[in-house]
Structure formats: C-alpha cells, structure tokens
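Protein chains: 2
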Amino acid sequence: MASDDAPGAALELLGVVAYGELAAFDRLAEDARLAPELADRVEMTGMAAVQYAHFSKAEDRIVELGGDVLAAMEPYRRPFDEFHALTRPKTWHEGLLKAYIGDGLASDVYREVSDLADDSTRELVHEVLAADRFDDFAVSRVRAAIDADPDSAGRLALWGRRLVGEAMSQAQRVLAERPALAGLLTGAPNGSLAEITRIMARLVENHSARMTRLGLSA
Amino acid sequence: MASDDAPGAALELLGVVAYGELAAFDRLAEDARLAPELADRVEMTGMAAVQYAHFSKAEDRIVELGGDVLAAMEPYRRPFDEFHALTRPKTWHEGLLKAYIGDGLASDVYREVSDLADDSTRELVHEVLAADRFDDFAVSRVRAAIDADPDSAGRLALWGRRLVGEAMSQAQRVLAERPALAGLLTGAPNGSLAEITRIMARLVENHSARMTRLGLSA
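So the protein sequences, as listed, match chains A and F.
Under the numbering used here, the final residue of the first sequence carries the number 218; numbering is consecutive throughout.
Under the numbering used here, the final residue of the second sequence carries the number 218; numbering is consecutive throughout.
Note that these hints are calculated values from the structure, not bench results.
There is no bait here: all hints are sound.
The following residues of chain F were derived to be distant from chain A, with all beta-carbon distances above 10 Å: (1) A153; (2) R162; (3) A180.
Covered by chain A, according to a simulated footprint, are these stretches of chain F (three or more residues, beta-carbon under 8 Å): (4) 17 to 27; (5) 30 to 36; (6) 45 to 56; (7) 62 to 73.
Where is the CB? At the ideal position from N, CA and C, for every residue including glycine.
Isolated chain A (complex conformation) (with noise of 0.2 Å):
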C-alpha cells in the first residue's frame, strides 16, 4: 500500500527510525560506562557506533527524498527521550537487557512499518535489521550473569517486564498523537485500533521469546 504518498510514509518511518536510532546511540555509550571490564565496554560502544551509522543512513534517505532530519525526527523526541528517562539501568546487566530487548523491539516496529515505505527505505530498514552481532554478547553475558547469580533471574525478568510496558505506553501516546502514522501503521484513516492492538500483541509475543531465550519468564 501507500506507494501514492511514499515520501510522506517514508519520511514519517524515517524520522522514527532516526530519532530512535540516535537515542539508542546515546544510551548505549552512557550504559557502556557500567561495564565492569574494558572488553565489554568496548562491545557496548560498538553497539553504540552501529546504531549511529544507521541513524546516519536513514538522514541520507530522508535528504535524499527530500525531506529535513530534524523536522523529520522532531515528533518522536520526546517519546523516545521519555522510554530512556524512565528506564535508565542501574547495573551493568540491567543495561544489557536493555540494549538487547531494545534493540529487539525496535527491529519489529521496523519490520511492521517497513512494509509501508518505497523500495529503497525498505531495503534500508532491511539492511538496518540484519546489523544484529551483538545480540550473542548480550544473551550470553545475562546467562552467564544468571547462572553466577541465579536470585538475579527475578529482578531481571521484572526489569524486562518494566521495558517493554514504558516502550508500549510510548508507542500508544505516538500513536494516539500521530493519526497520520497510525493510519499508514494499520491502513485504516486514523489507524484501526483492533489492528494495533494485533500489532502490539506481536510485539509483546516476540519480546517474550527473547526473555525465554535469556532465560527469563516474560
């Protein structure tokens, strides 16, 4: 669908994807500092630089399709900025589960939108999803961290849970506020609510294969 006003969807998915890739950037080289030793500081910081070159491709396309990286990237400040500010990790593995189920999250939404873009933004949105080599480092350093410490497995399933609540309620606001992305997101006028609610069950089914795949109830 929705190849009639391409650049507008495409520039909508875009700003989001910019914007969340550059607080991911941001969060992960300040989360990369609760690192208890240097080599999994330099991990997370190359987490940290792959979400920056992604945030650098999607300010190409935007350019490229003519459109602003700040005026496309302004609505989704203060969700994005809001999820970070009420889940700051407080440990170095409160700070890997973050950087592993977020990522995960984020790369669902961007499955679910990419569809609504032209080629060239999907192939992009594709090429951002299949940069994932990080996610073996973080499973096995929060087993690792678990088997060492199994009474951990509690407060980091509960801090799991806590994610993707704030990323849930976030992504409603955005879309409760944004009619326009809701629309494209369900093909409906204003967005479909069943068809969010599909959406957001996904979302949910996914995040709980990655907690089992931590070895963490969802």
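Fit chain F to the given chain A structure using the hints.
Chain F alone, transformed into the frame defined by chain A:
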C-alpha cells in the same frame, strides 16, 4: 628508525591511539548531551562515531600484528581517564572547545609518533588524521558564541589553557612511567628529556595556533 622492533613500537603507538579514541568517543557522546539544539547534538554525535571508527581500525591493526587490544590499551587507561575526569565541560561551548582542542592535540601527538611505526601503521595513523571534517563546525560555533557574548572569550581562553595544561601533565606522567615509549619517541634509550621538551614545545605552539584560529588568546 625502529624498523627492527616495529611490532613493539607499533603496538605501543596503537595502544595509545586505541584507548585515546575510545575515551574520546565516550566523552564526545557525553558532551553531545550539552548541545542546546538537536542539530548540534547530531554533529557532536557524528564526531563521537568517527572516534569509534578510528578505534576500530587501530584494533584491527593490533590484531594483525599479533597483539591484544585490551592489553595494548591497558597502560593508557589511567592517564586518559584522569585527563577527562579533570576536564569535564560544564557548558556546551566548553565541550565544543574541548572537542576541537583535544582532537587537534591528539592529531599532533599521533603525527609526532607515527614515524616510529611500520608503513602500514603509519598509513593508518595518517588516515585517522585526515578525518577532520568537524573542525570547521567547532571553530564556527565557538567563534559565533564569542561574537554573541564577548565576555565569554576570557573564560574560554582560560578553559583552553587548562585543557592543554592537563594534557601535558598526563603526557609527562605517561612518558615517565613508560621509559620504553619515551625511548621510542626520542630515539634515545629511556628517552631524552631535551627532545621531550622540544616535542612538548611544538605541541603547545600548534595549540596556540588553534586558539588564535578561534579568536582566543592561548
């Protein structure tokens, strides 16, 4: 010189570059948060990402030479971390000045020591040096700030002096603690104090030229 023990010399040099860039990444990512405008934050985030790319090249080269990146960086963690802890910018303009001054100083140091390394390491160092596309951004922003508030010139000049002072004192400590590095740098076993002083004088001279470019007294 030093082509006999090129791997050893190169690993010393690459260790400095790798940790210096990793620390610069970390500080630029943090200081980007001081940006008053999203556009400025995007620019400084880009500067941070460039430092990570440099780190990553140094890391690859260390591995090629059969070294270990964490071991190569270890001796340089404390001096860089101390430098940054002692020079945390309190304002966006202090952060910008630090980014410009710090990047310039680092480039000069890399240039001084790159002759000690093998061809391919030297090439890498010069590649890192070529990436100064952010200089104009920093210079134009700092100059505009001084034009808008001429009283700030005195404070920023003092800040520049403090930055170079802390950098020099960390460099001197490193050279005292790493006689092998001082030896490499000066071509004399354990280092020649006279030669070190000459190198420091060149670094300060270049620093002064940068301050002048900003319209500040050094």
